[in-house]
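Asker: Below, each chain spelled out in residue letters.
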Amino acid sequence: MSEATSRAGGVAANVATDDAMSDRFAHLRGTAGEEQIELDKEERGFIRRRSWKLLVQLSVGVRRKLLITALFVVIAQAAQASIPLIVAWAIDWGLPRMIEGQSSGMWLPGLSYIACAVTAGILIFHYTRMTAEASQQMLFTLRGEVFRKTQALSLDFHEDYTSGKVISRQTSDLESLRELLDGGINSLVQGVMFMFFTGVTIWIMDFRSGLVLVAALIPIAMLGRWYQRNSEVAYRRTRVSSAKMIVHFVESMTGIRAVQAFRREDSRSRQYRRLAARYREDMVRSISLFGVLQPSLMLIGNITVTVVLLWGGYRVLEGDLGIGVLVALVLATKRVFQPLDMIAMFYNSLQSATAALEKVSGLLEESPTVTEAHHPRHLPEARGELEFTQASFRYDEDGPVVLHALDLHIPAGQTVAVVGRTGAGKSTLAKLLARFYDVSSGAVSLDGVDLRDLAVTDHHRHVAMVTQEAFLFSGTIRGNIALGRPEASEQEIIAAAKAVGCHDLIMELPEGYATDVNKRGGRLSAGQRQLISFARAFLADPAVLILDEATSSLDLPSEALVQQGLERLLGNRTALIIAHRLSTVAIADRVLVIDDGRVVEDGAPAELAAQGGYYAKLDAAWQSSMGA
Amino acid sequence: MTESPGRSRTLWQALARLGPYLEGLKLRWTLGLIAAIGAGVVALSIPQVLQVLVNSLLDDNAQVSAVWTAGAVILGLGVLEAGLVYLRRFFVIPPASDAETSMRTRLFDKLQDLSASFHSAWGAGQLQSRAIADLNLLRRWFAFGSLMLITSVVSLLVGFTLMATLSPLLAVVFLGAALPIMIIGPRFRKKFVHYSRASQDQAGDVATKVEESVHGIRVLKAFGRGDYAQEGFTEEADELRDLEVSKARTLAKFLMAMVILPEGILGLCLLIGLWQVANQETTGVTIGALAAFFATAAVLKGPIEGVGMMLGMTFTAKTAIDRHADVMDTATEITSPHAPVVAPERGVLEFDDVHFRYPDTKAGDRDLIDGVTLQVRPGETMALVSATGGGTSTLLNLIPRLYETTGGAIRIDGVDVKDYSLADLRSRIGVAFEDPILFSTSVKSNVLLGTSHLRDVDDPQHPHRDAAPAPDQLDEVLRRTLITADAEFVETLPQGVDTPVGEEGLSLSGGQRQRLALARAIASAPSVLLLDDPLSALDVRTEEAVTHRLREVLNRTTTLIVAHRPSTVAMADRVALLEHGRISDVGTHSELLERSRAYREVMSASVRPVSAEEVLGRE
Ligand SMILES: Nc1ncnc2c1ncn2[C@@H]1O[C@H](COP(=O)(O)OP(=O)(O)OP(=O)(O)O)[C@@H](O)[C@H]1O
Ligand SMILES: Nc1ncnc2c1ncn2[C@@H]1O[C@H](COP(=O)(O)OP(=O)(O)OP(=O)(O)O)[C@@H](O)[C@H]1O
Ligand SMILES: [Mg+2]
Ligand SMILES: [Mg+2]
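Sequences listed follow chains A and B, in order.
If you're matching positions, the first sequence starts at 1 in my numbering and goes up one per residue.
If you're matching positions, the second sequence starts at 1 in my numbering and goes up one per residue.
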């Protein structure tokens, strides 16, 4: 893995270096121009270069294998091509010898024949195997690379670029590349070699026919250009329409419960049908282009044969050309065009793969907005002191300001409750600490180190957050809790579960900690999912713990249980607890009331309750609701 | 998923399975086959004809006209060849793509009809790979692989017959090559099919990993576990690579055999032939016959290799069919009855000894819903309370038949929910799930999901209801429901109600998402409203506002509301306590507080003490 990783890292870095160019192509950088189908000459050049470059970089590490494969293809071809020669040799040279009584006349050709067959067979085995190995290796690298990139990209990217698109890049786009890699090299090498040798033979036999052959290249080149132009656009279209189809598919399946409950199967199905029909149309269009190219090439080939025959025939009649030569010429001309078919096929898959690579390379070109500093500062131990200085934040450059020049100091070890109306900016505050985003201006720091300067690994070790959405991965409960600290032992996992009070319920599941929780933890109830996410955070054991409504779906006893555990766990850790239930706030040293992106109240719970502000009202409402 | 009944299916059965999709394909496919074979025949004949034609020039009194004739014949054949090749595609591509598309859309429809329990077990990637990659493969096989397989087999047979007429003895020897291939053939098939199935499944798993890693990106980022996810992914991708390589290796071995065996035997034939020719007096084999034999044998080379490759493609295609069938054969448990009952809408909701258990429940355990009996009167708001994991969400899901009860009956307006058509049933009901489940469209489309907004007029799933808002009222309804759900924040969004909410609504705050889900539930003016802990992400003040505004709506709507807090319960007229799968008590909040110990426990924060050791055990 490590080797693949480091190599893959190089790919990303190289792809990114293109950025230095002028910004003429700003609208195409990254995933921006993904759905643009018609490109002008320069744009096209830019995009194509990017995808070719990626292809070339992917071949790093398998180039030698590819070379050997090509060599094997050549040898295997030669071995197979020499078989008729051996037969001829057997008849011309072997037979007379045998008749003379020398048995070598029989053995030599016979054994050479078998040797050639066996060599060809063995080489075919090896090059088929090696092609697959090389192509799978390249795909593996690219898959890993795309995965790494999507993981590295910040949330603002993911909010726009849906998961369906990522999946489509990772699956159907890579599939196109795979077609190219699997079949491409063999047919290309075979075809080119064959054409070259046959072409040379023709030139040697009769240069006039060779001229005809060269002349045939003109319409072939024209045809090729026509095909290139059109198929490029056509394949680009299929990539776009296939991605749309996949996005729709994935979203329908993810939201299936809402689709069913709100009776949207039919309208979703109609929309899918439209998208699928669109894809079909685009696909058929691109295939049809090839359907024109292939017979046209064949026609050009056959016309060339006819011309060679006509011209040669005349010369035979005039006595300028031997009849035997004409037979050979005409047959060779017929044969020289045969591999054109294969080459065309290669070209076809190349076009398809390039269209796919355009998208993939675009994704790889994206760069995360939240990045590690060039010279990150390390913080082996953290006390957990947090500081916001004039921190402002907006999600979009032209969007509303969500946090307004926030100044906030949280000393190490303090437990801070954050309350406020929905949409006030509480989660945003938390997400800034977890560095889902960077502040638009001002700074956030941990132990005096600006988060932007802090080494990413240190940051992750010291700050952990339970997000508002309790997301579980399919797989075991153990695996899900262990996500908090993958190296944790079984005992530690169990202890974490006990601490949040979900050990008993886990033990009641069919396979205990090994129970598969299904897609998105669907096997568990909402409250149970929250408990598991909570256990995850317990296990992570960070210096700063952020809980974003981590108990909102729990019943009161479970919540209280979690709180007890929390109280003990927190000890001298810094904690930021976002909650709507004031019961959670009870364990806090300090309460922040956020409203419209500003801290409007700040103080000890009792203090604030007495002040008669927002918190006091909240408190009163809470008390009365509990009493109701 | 690992179960694959397809293994026992033969290719023919698999194809028969596809019957309905292939209806339109048959005729054109046959024409395409004829074109393909025709093109093959022409391609084979051109060299022969050339030879004959050129030899005709040998004639001493050959004329210029002979040259022209020869040219014309060759040109004619050439045009024919190109034409046939064109025709093959022309005939086959459109119907093959149609078959692909219809398989795709039917798969989609099927998946949408399958129940939530199916979906929770199948990774999205598995489904997606079936919908796209597998079907692309099949199309290619229909349009190309199947034709080429047959063409190759035909030319193999023709070539062989030719050879047999030239030299029966050598043909028999050559046949010997076929014998070992017959033996390794099935073994190859078995192995190849195994790998192809495994790798296609694995590709689905890889896609699933991708999907999860993107949907779960917030968790991964919150814990900085990108590397961990990457490792998991690499493992899966690595396995995919291994499987693919093993598959290729199997194919490569077979191809090797397909070259070495016939060609090796031909080498033997050469030996024997040379000996025969040398002893021509006794054997009668001439040089000419020997040369002709090898010339013919050369013709077989292409088809033999072709057969090997095309067999590989065919087996992969079969796997794709199997995988498709796996999904299509899953029984749709939840369907409309043949003769749905129609009943006037009043909003009476009754549970009559309802039982439910998830399929993977341990055998000895009691049912999760173990005989729930409860009546909710029209217009009444009933709170449903239980401990975490008590089964409230499950019970709610049973009402619109997202899951199917395993016993007893749920009745709406006196009719068993199973007797309504699904569209009718679900159009009477509005649901707010505990997780909002929003789509990446605009606020408006999300809120109006249950109404006629963006539906075709003939949408069979949107039956007429008197209460449902008319299309021209939708804007008004949207405005009103947003107010009711206290979701006026929408006005401050950049594009108002047309603002896209991001994937799963994640560019909104938690409370904002929840209020949109709530608005969505009430927008279609249902007569039964199911709210699963709809205020959990709201602050107390917003909760109050929503409660206040909702009450008006709830007055007219029968509502079942899952509650974990007294504040939510406050909205309800009565409370039902779900305990051990049964409704153990029903009454008002204060009544229950007074008489039910269990209720007091769930509704107040007094807890069993936990020992410090238990909590700190890990240190
Ligand atoms: N990813 C995003 N893109 C754009 N705007 C966003 C995004 N996430 C949140 N917002 C907006 O920022 C504001 C603050 O959101 P935030 O999630 O911080 O609220 P909150 O205080 O956590 O509310 P809640 O209690 O409902 O969770 C809201 O108006 C919300 O619409
Ligand atoms: N798909 C499933 N397969 C098997 N068991 C499940 C499945 N979904 C839920 N369960 C189990 O059924 C029980 C009830 O789940 P349900 O979601 O109905 O609880 P709930 O009352 O809604 O809890 P909460 O208050 O936490 O939302 C839980 O113990 C859960 O583990
Ligand atoms: Mg929030
Ligand atoms: Mg629930």
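There's no promise every hint is true.
Said to hold, decoys possible - In silico DSBU-like pairs for lysine-lysine, Cα to Cα no more than 35 Å straight-line:
| hint | chain 1 | residue 1 | chain 2 | residue 2 |
| --- | --- | --- | --- | --- |
| 1 | B | 444 | A | 617 |
| 2 | A | 65 | B | 191 |
| 3 | B | 253 | A | 53 |
| 4 | B | 301 | B | 362 |
| 5 | B | 444 | B | 418 |
| 6 | B | 110 | B | 26 |
| 7 | A | 65 | B | 110 |
| 8 | B | 418 | A | 65 |
| 9 | B | 362 | B | 110 |
| 10 | B | 253 | B | 362 |
| 11 | B | 110 | B | 418 |
| 12 | A | 244 | B | 26 |
| 13 | A | 244 | A | 41 |
| 14 | B | 444 | A | 244 |
| 15 | A | 244 | B | 362 |
| 16 | A | 244 | A | 53 |
| 17 | A | 65 | B | 253 |
| 18 | B | 190 | B | 26 |
| 19 | B | 418 | B | 362 |
No lab work stands behind these hints: they were computed from the structure.
Asker: For which of the previously enumerated hints does the structure constitute a violation, in increasing order of number?
Answerer: 4, 7, 8, 10, 15
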